[in-house]
Amino acid sequence: MATMHTTFTASGSFTLTDENGVNIFSYSPSFTTLPNTSAKALYAGEHLAATAGSEIALAEVNDDRVYTFIKNVDNDYPVEVEASLSEGGGSPAPKEMADLNPGECFFSPMELNGDGSGNSLKVTSATAAQKVQYLLCGAIDN
Amino acid sequence: MAKNYTFNANISCSATSGTGYTQSQSGGFTLNLTGIDQLETGRKDIGTSNTVIMTAPTYGKVVYVRNLDDTNFITVYSNATAGDDVIGVLEPGEWLFTILRDTQAIGANADTAAVTVEYFAVEIDANA
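For the record, the sequence lines run as chains A and B.
The first sequence begins at 1 in my numbering and counts up by one.
The second sequence begins at 1 in my numbering and counts up by one.
Everything labelled a hint here was simulated from the structure, so no lab data went into it.
A few of these clues could be false.
[As the list claims (entries may be wrong)] Partner residues aside, some chain A positions facing chain B, computed with beta carbon under 8 Å:
| no. | residue |
| --- | --- |
| 1 | Ser13 |
| 2 | Pro29 |
| 3 | Arg65 |
| 4 | Gln133 |
For every residue, glycine included, the Cβ atom is placed at its ideal position computed from N, Cα and C.
The task is simple: from the sequences and hints, build the whole structure.
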């Protein structure tokens with residue numbers, strides 16, 4: 001079969017209103033990629049973020065850029081998201097790219113190998129394990 | 001001057017394979033922000049050396065950055081200087097949104113030439 005491609009779309013809506021009802025800003029960004037024939041895999045699912053951290057392994061994505069959407073779907077504690085520390089253990093260690101309270105979500109074309117060797121995401125819950133849901137897709141190289 | 005705000009965010013993402021296989025995820029939430037002093041939004045040129053988007057907040061922030069350039073990519077950092085703390089790498093037209101409950105600044109640098117970004121960076125308080 002011929003090489004398949006993947007197309008990714010991200011849309012958002014963000015508003016800030018002050019206590020007097022004044023709209024401070026409103027943004028509605030959106031983009032759709034061209035068909036990417038080098039994207040080998042897309043991942044969607046649910047993952048239990050452990051208090052000591054647990055990895056969402058991404059064996060076949062582009063380490064340099066991965067479209068990453070993650071949502072904390074649990075009810076109790078925040079979850080940190082970072083490029084995996086254990087893959088590289090570089091110095092300085094990778095830091096969190098998002099801190100998600102219950103119900104919160106984020107989106108970013110993430111780089112997983114900021115330290116030169118990572119290829120997975122690490123999610124860490126505070127206090128007790130929490131569930132996250134995710135959509136991850138390989139992006140084109142920068 | 002107003003110091004209390006309501007922030008709303010909604011995000012939808014979908015990935016579609018040439019096979020017709022599609023996966024989608026979405027989410028939305030509201031933050032009630034109290035006693036906010038640091039709020040920046042608009043457009044800004046990002047140079048090839050690191051450009052500060054937001055100076056260090058007291059507790060944390062919500063951040064949105066969109067690359068408005070036609071050609072060059074930018075790298076966004078959770079830091080005032082470039083380093084390992086990459087939040088995202090944005091090709092032309094792409095954007096990111098994240099929430100960080102820390103006191104790091106936010107910076108960015110362009111690859112080969114200065115680019116313009118659309119952005120907001122809003123401080124959040126300890127209870128948000």
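Verification of the hints:
Using the Cβ-Cβ criterion of 8 Å, the hint placing Ser13/A at the interface with chain B is satisfied: the shortest such distance is roughly 4 Å. Below 8 Å, beta-carbon pairs count as interface contacts, and Pro29/A has one with chain B at about 4 Å; its hint therefore holds. Hint status for Arg65/A relative to chain B: holds, with the closest Cβ pair at about 5 Å, below 8 Å. Residue-level restraint check for Gln133/A holds (minimum Cβ-Cβ distance to chain B is 6 Å; threshold 8 Å).
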